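Novice: Working from the sequences, and respecting the hints, build out all of it.
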Amino acid sequence: MGADIRGFSGFFRPPSSRVFGEGRQGATRAALALRPLSRHIPGMTDFTDAALEATRRIRELFEPTPLQRNDHLSARFDADIWLKREDLTPVRSYKLRGAFNAMRKVLVATPAQGHFVCASAGNHAQGVAYACRHFGVKGTIFMPVTTPSQKVDKTRTFGGDAVTIRMTGDYFDQSLASAQEFCATQGAHFLAPFDDADVIEGQASVGAEIMEQLDGPPDLVILPVGGGGLAAGVVSYLAQAAPQTGFRFVEPLGGPSLREALRAGGPVTLPQVNSFVDGAAVARIGAQTFARLCHAAPHDVLLAPEDRICVTMLEMLNVEGIVLEPAGALSVDVLPELSDVIRGKRVVCVTSGGNFDFERLPEVKERAMRYSGLKKYFVLRLPQRPGALRDFLDILGPEDDIARFEYLKKSARNFGSVLLGIETTSAANFPALFARMEAAGFTYRDITEDETLAGFVI
Numbered sequence: 071m072g073a074d075i076r077g078f079s080g081f082f083r084p085p086s087s088r089v090f091g092e093g094r095q096g097a098t099r100a101a102l103a104l105r106p107l108s109r110h111i112p113g114m115t116d117f118t119d120a121a122l123e124a125t126r127r128i129r130e131l132f133e134p135t136p137l138q139r140n141d142h143l144s145a146r147f148d149a150d151i152w153l154k155r156e157d158l159t160p161v162r163s164y165k166l167r168g169a170f171n172a173m174r175k176v177l178v179a180t181p182a183q184g185h186f187v188c189a190s191a192g193n194h195a196q197g198v199a200y201a202c203r204h205f206g207v208k209g210t211i212f213m214p215v216t217t218p219s220q221k222v223d224k225t226r227t228f229g230g231d232a233v234t235i236r237m238t239g240d241y242f243d244q245s246l247a248s249a250q251e252f253c254a255t256q257g258a259h260f261l262a263p264f265d266d267a268d269v270i271e272g273q274a275s276v277g278a279e280i281m282e283q284l285d286g287p288p289d290l291v292i293l294p295v296g297g298g299g300l301a302a303g304v305v306s307y308l309a310q311a312a313p314q315t316g317f318r319f320v321e322p323l324g325g326p327s328l329r330e331a332l333r334a335g336g337p338v339t340l341p342q343v344n345s346f347v348d349g350a351a352v353a354r355i356g357a358q359t360f361a362r363l364c365h366a367a368p369h370d371v372l373l374a375p376e377d378r379i380c381v382t383m384l385e386m387l388n389v390e391g392i393v394l395e396p397a398g399a400l401s402v403d404v405l406p407e408l409s410d411v412i413r414g415k416r417v418v419c420v421t422s423g424g425n426f427d428f429e430r431l432p433e434v435k436e437r438a439m440r441y442s443g444l445k446k447y448f449v450l451r452l453p454q455r456p457g458a459l460r461d462f463l464d465i466l467g468p469e470d471d472i473a474r475f476e477y478l479k480k481s482a483r484n485f486g487s488v489l490l491g492i493e494t495t496s497a498a499n500f501p502a503l504f505a506r507m508e509a510a511g512f513t514y515r516d517i518t519e520d521e522t523l524a525g526f527v528i
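For the sequence shown, this note's numbering begins at 71 and goes up steadily by one.
Simulated from the structure, these hints should not be mistaken for laboratory data.
Just so you know, not all the hints are guaranteed correct.
[Unchecked claim] BS3-like cross-link-like pairs, simulated, lysine-lysine; straight-line CA separation at most 30 Å:
hint: 1; residue 1: K221; residue 2: K208
hint: 2; residue 1: K175; residue 2: K221
hint: 3; residue 1: K208; residue 2: K175
[Stated by the list, open to error] Ranges of calculated distance between the beta carbons of each label pair, as one might list FRET restraints:
hint: 4; residue 1: Q183; residue 2: V389; range: 45 to 53 Å
hint: 5; residue 1: A247; residue 2: E282; range: 46 to 54 Å
hint: 6; residue 1: A509; residue 2: A334; range: 51 to 59 Å
hint: 7; residue 1: V389; residue 2: R127; range: 31 to 39 Å
hint: 8; residue 1: A145; residue 2: G336; range: 41 to 49 Å
hint: 9; residue 1: F485; residue 2: V389; range: 41 to 49 Å
hint: 10; residue 1: Y241; residue 2: G467; range: 40 to 48 Å
hint: 11; residue 1: P368; residue 2: I472; range: 40 to 48 Å
hint: 12; residue 1: A357; residue 2: T180; range: 17 to 25 Å
hint: 13; residue 1: T180; residue 2: V389; range: 43 to 51 Å
hint: 14; residue 1: T216; residue 2: D471; range: 32 to 40 Å
hint: 15; residue 1: L466; residue 2: Y241; range: 42 to 50 Å
hint: 16; residue 1: D471; residue 2: G336; range: 49 to 57 Å
Quick caveat: nothing in here was measured; it's all calculated off a predicted structure.
Positions of the beta carbon are idealized from the N, C-alpha and C atoms, including for glycine.
Specialist: Here it is in structure tokens:
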């Protein structure tokens, strides 16, 4: 492709590279760029060889996932954009890679080990279950009681008779504690979801496949981050195989464990995490994964608002027919923020998973419409007189539709409160609607952005 890569601020750079966007952090970043790569990634050469071996072994399970050029996104952003479709593995996420590699290496070192345990509410559980059935070993998987039945059923399907599922605890941390206690009493091997050298090594196979599938290194790779296993593996591999490739990392806004760790100089536990992006909602990044990502600049970690991710999920479904879970859409979601950086460049977005429960589709559509300004909720103070409702209905525009109408208070003698949800075809319609309401003397309160009140009444 011959693209000029000098405009990127990826933190792995050969000495001849110019750092993009020099400012108050320019000197620090330039200094990092001048460091030999071997000082960035511990045991890099050995890691690369091990990752290639893991990639070869993974062929026992499935062929390389497709790396597809996306014409829609390429045209939209005037770039050469490719999707690494990890949503098309047998378990619809990259997690199978790390689980398989870690289990394989344990069985090589300890052939008598025939019992593996994990705690997971989703993709890691499915990867472990699939690997247990492949190797013919016993698996016990601890899942929170609150795990959606679709994920439980898929885990059971992938594991078959090899796997026992134990539903315990309302939250993941409780399931994790139960799993670790079980391992201690049963002598089983615990398979960590991300903070494990062999898991990281297995996830690095994504980077190895990217290099096999392209005719040259990408200019930029965009990676989602939860616990950091995928990002740590791919970055570690490409640092050797494609040292001029830059990186951006994406976390959900409600779970920025990598960004906060970079700011603090080490892993920290977030006080709270928004669980909507369940595949990347991690309160603390792994110690081993952070050791491989610690030289990233905090501003190379982008944060994706949960509601905006819903817009991206719907766009990919409606325009491209690609089903992505919230975490799987992270790398695509931030492309508009990078539009000036990626123009004319070859960019790989890793779509990390497609385990989406379609029972959540109404919620995704709701959140997408609210983020896009196409749906608003407000409390209307409606006079208790004949014709008042008709007066309000006459104010609505031709593209405005009532999606919710509910009396909240029926005892008032003069006025009553009404919860209204209005959908429209353009965000520009709402200012005009509100202006007409005010001119007609209607009193209202927009509660769309009031998370506490909207969460209670909507």
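Novice: Name the hints, by number, that the structure is in violation of.
Specialist: Number 5 - this is the single hint that the structure violates.
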